[in-house]
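Trainee: The chain contents come next:
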Amino acid sequence: MSEKVNINFSVNGDQETREAVVGQTLLKFIRDELHLTGTKEGCEIGECGACIVLLNGKPVNSCMVLAVELDGQELVTIEGLAKNGELDRIQQAFIDHAAFQCGYCTPGMIISARALLDRKPSPTDEDINEALSGNLCRCGAYQEIREAIKASSKK
Amino acid sequence: MLSYEYVKCTDLNQVFQLMDKGEQVYPLAGGTDLMVGMRGGKYAAKMLIDIKGLEELKVLKEDEKGITIGAAVTLNEITLFAPVQKNIPILADGCHSVGSYSIRNRATLAGNICNASPAADTAAPLCCLDASVNIVSSSGTRAVPIGEFFTGPGKTALQKGELVQSIFIPKPYPQAKGVYSKASRTGSVDLATVGVAVQSWGNQVRIAVGAVAPTPVRAVSVEKAVNEKGEKDWANAAKLVHNDISPITDLRGSREYRFHMVEVLVRRGLEQTMEV
Ligand SMILES: Cc1cc2nc3c(=O)[nH]c(=O)nc-3n(C[C@H](O)[C@H](O)[C@H](O)COP(=O)(O)OP(=O)(O)OC[C@H]3O[C@@H](n4cnc5c(N)ncnc54)[C@H](O)[C@@H]3O)c2cc1C
Ligand code: FES
Ligand code: FES
Numbered sequence: 001m002s003e004k005v006n007i008n009f010s011v012n013g014d015q016e017t018r019e020a021v022v023g024q025t026l027l028k029f030i031r032d033e034l035h036l037t038g039t040k041e042g043c044e045i046g047e048c049g050a051c052i053v054l055l056n057g058k059p060v061n062s063c064m065v066l067a068v069e070l071d072g073q074e075l076v077t078i079e080g081l082a083k084n085g086e087l088d089r090i091q092q093a094f095i096d097h098a099a100f101q102c103g104y105c106t107p108g109m110i111i112s113a114r115a116l117l118d119r120k121p122s123p124t125d126e127d128i129n130e131a132l133s134g135n136l137c138r139c140g141a142y143q144e145i146r147e148a149i150k151a152s153s154k155k
Numbered sequence: 001m002l003s004y005e006y007v008k009c010t011d012l013n014q015v016f017q018l019m020d021k022g023e024q025v026y027p028l029a030g031g032t033d034l035m036v037g038m039r040g041g042k043y044a045a046k047m048l049i050d051i052k053g054l055e056e057l058k059v060l061k062e063d064e065k066g067i068t069i070g071a072a073v074t075l076n077e078i079t080l081f082a083p084v085q086k087n088i089p090i091l092a093d094g095c096h097s098v099g100s101y102s103i104r105n106r107a108t109l110a111g112n113i114c115n116a117s118p119a120a121d122t123a124a125p126l127c128c129l130d131a132s133v134n135i136v137s138s139s140g141t142r143a144v145p146i147g148e149f150f151t152g153p154g155k156t157a158l159q160k161g162e163l164v165q166s167i168f169i170p171k172p173y174p175q176a177k178g179v180y181s182k183a184s185r186t187g188s189v190d191l192a193t194v195g196v197a198v199q200s201w202g203n204q205v206r207i208a209v210g211a212v213a214p215t216p217v218r219a220v221s222v223e224k225a226v227n228e229k230g231e232k233d234w235a236n237a238a239k240l241v242h243n244d245i246s247p248i249t250d251l252r253g254s255r256e257y258r259f260h261m262v263e264v265l266v267r268r269g270l271e272q273t274m275e276v
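Going down the list, the protein sequences come from chains X and B.
Residue 110 in the numbering used here sits at position 110 of the first sequence, with consecutive numbering throughout.
Residue 41 in the numbering used here sits at position 41 of the second sequence, with consecutive numbering throughout.
Bear in mind the hints are in silico, worked out from the structure with no lab data behind them.
The reader is advised that the hints may include incorrect statements.
[Stated by the list, open to error] As a list, the in silico DSS-like pairs of lysine-lysine whose alpha-carbon atoms are at most 30 angstroms apart:
| # | chain 1 | residue 1 | chain 2 | residue 2 |
| --- | --- | --- | --- | --- |
| 1 | X | 83 | X | 150 |
| 2 | B | 42 | X | 58 |
| 3 | X | 28 | B | 42 |
| 4 | B | 52 | X | 4 |
| 5 | B | 8 | X | 58 |
| 6 | X | 58 | B | 52 |
| 7 | X | 155 | X | 120 |
| 8 | B | 58 | X | 120 |
| 9 | X | 4 | X | 28 |
| 10 | X | 40 | B | 8 |
| 11 | B | 58 | X | 28 |
| 12 | B | 21 | B | 224 |
| 13 | B | 155 | B | 58 |
| 14 | B | 155 | B | 52 |
| 15 | X | 83 | X | 120 |
| 16 | B | 177 | B | 160 |
| 17 | B | 46 | B | 21 |
| 18 | B | 86 | X | 154 |
| 19 | X | 40 | B | 46 |
| 20 | B | 52 | X | 28 |
| 21 | X | 4 | B | 224 |
| 22 | B | 52 | X | 120 |
| 23 | B | 42 | B | 65 |
| 24 | B | 171 | B | 86 |
| 25 | B | 61 | X | 4 |
| 26 | X | 120 | X | 58 |
| 27 | X | 40 | B | 52 |
| 28 | B | 58 | X | 58 |
| 29 | X | 120 | B | 86 |
| 30 | B | 177 | B | 61 |
| 31 | B | 58 | X | 4 |
| 32 | X | 40 | B | 42 |
| 33 | B | 8 | B | 171 |
| 34 | B | 160 | B | 21 |
| 35 | X | 4 | B | 65 |
| 36 | B | 58 | B | 224 |
| 37 | B | 224 | B | 177 |
| 38 | B | 177 | B | 239 |
What you are looking at is a predicted structure, and each value in this text was computed from that prediction instead of being measured.
Construct the complete structure from the given sequences, taking the supplied hints into account.
Mentor: Here's what the structure looks like:
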C-alpha cells in the first residue's frame, strides 16, 4: 500500500490541508484530488508544458514534482488567475488575439506568460522565446500567442 | 503508482543516517531526472530524501577564493547570479542550455552532474573552469576535481552514503571569452547530440566536449596543438578532436554525424574565442 501523508499548502490563495499519496505527481494531485482540471496532462515527462503551474510564483512542470513536495508551498493554477469573475489581462489577450486552436496548451502557456510579465513587464522577443521554451503548441498558434503577450506588456 | 518513502530533511546528519542505512535511497533535488528515470524503470527507489530544505545546500556565493554553488541552487538562479554572468559566462551558457525555462526552475547543477549523462550540458563548461565537487558524508568531506568525478555513463566518483554539497569554481577566472555550443534536434528541451565548450585563457585554450564519449572529456589533442605547438589554423586544430573521442550512434545522431559536428563546433569555438 502506498503511504499517505498530510500536507499543508495554499492553492489559488486558499490555505488547505489534504492527504497526498507518496509517489503521486503534483499534476495528478491537482487534477484528481483538488479537481482543478484546467491544468492539463500531456507527456508526463517534462517536455510539453501543458502541466505548468506556479509554485512559489515560479512556473514549473507539475508532472516533474511530487504532490508531497507541495507541503508548505504556494500553488497557483490557471483557475487562480481570474479575480472576482474577471479574467486576468493575459487571459483576455489570448481571447482577443485568438491565441489557440484546440486550447490544450493554453493553460500552461498563460501561466508561463503571466510569470514572464510579472518578472519582465515589457519583454523582448527573446524574453518571450525563453519564457515559452518549455511550452509546446501542437496547433502552432505561436505567432498569436506572441502577439497576445506583446499586447499585455507595458508599453 | 510507484511506491517508496519520502523524507524531507532539514539536517545533514539525518540525511547521512538514512543514506548509510538503506538501499536504493536517492537524494531528490529538482527531480527532473529522477521523476523521468523512476517512471521509466531506471531507478527502483525505496526512499527519496528531499534535500531542497537543507540550508547548507542553498549557498550561492562568491568570496576571495571563487564561486560556490550549493546543491539545492537551481539552474535559473545560477544563470542570474551576477558573479557567474560576469566572470564565467560559459557556465551560465551551459546552465541555460538545459531543458526549458520551467525545467530550469527546478533542475540543479548538482543533479545535472550526479545524473552523469555523457551529454550533461553543464559538464563541459565545468571541465574548462577547473571546477571541483565538494562531497560530504558521515565520515567527513572531500573535494574531487570535475575531471575525475565522471567515471562512465550515469556513473560518478560518489560512494554509498555520499552527497554532493556544492560545486566550486576557483579563481583566477579566465578573464577571456568562452562559449558553449550545442547541437540538438530541437532548439530547447532536448539533450545535446554534441556539446562543445571552448574557453580561452589569454593565448591558451581549454576545450571540453560532451555526448561523444562515455563521459565528458577534454579535447587534449586540440589543446596541445594550440597551446604547445602554436597551431593557429583553427580548422586543422579542430580535426584533432577526433583523437579524443569515441562517439556512438543513438537516437540523437549517428557516430559519423557526431564526428563531423564536434569538429565543426570546436572550429567555430576556436574562431569565436581565440584571436587570430
Ligand atoms: C524535459 C527535460 C529536458 C531536459 N533537457 C536537458 C538538457 O538539455 N541538458 C541536460 O544536461 N539535461 C537535461 N535534462 C535533465 C535534467 O533536467 C538535468 O540533468 C538536471 O540538471 C537534473 O537536476 P535535478 O536537480 O532535477 O536532479 P534530480 O532529478 O533531483 O537528481 C538527479 C540524480 O542525481 C542525484 N542527486 C541529486 N542531487 C544530489 C546530490 N546533491 N548529491 C548526490 N546525488 C544527487 C539523484 O539522486 C539522482 O540520481 C532534461 C530533463 C527533462 C525532464
Ligand atoms: S505533462 Fe508535464 S510537461 Fe508534459
Ligand atoms: S492550441 Fe492546440 S496545442 Fe496549442
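Trainee: Which hint numbers does the structure go against, in order from smallest to largest?
Mentor: 12, 16, 21, 23, 25, 33, 35 and 36
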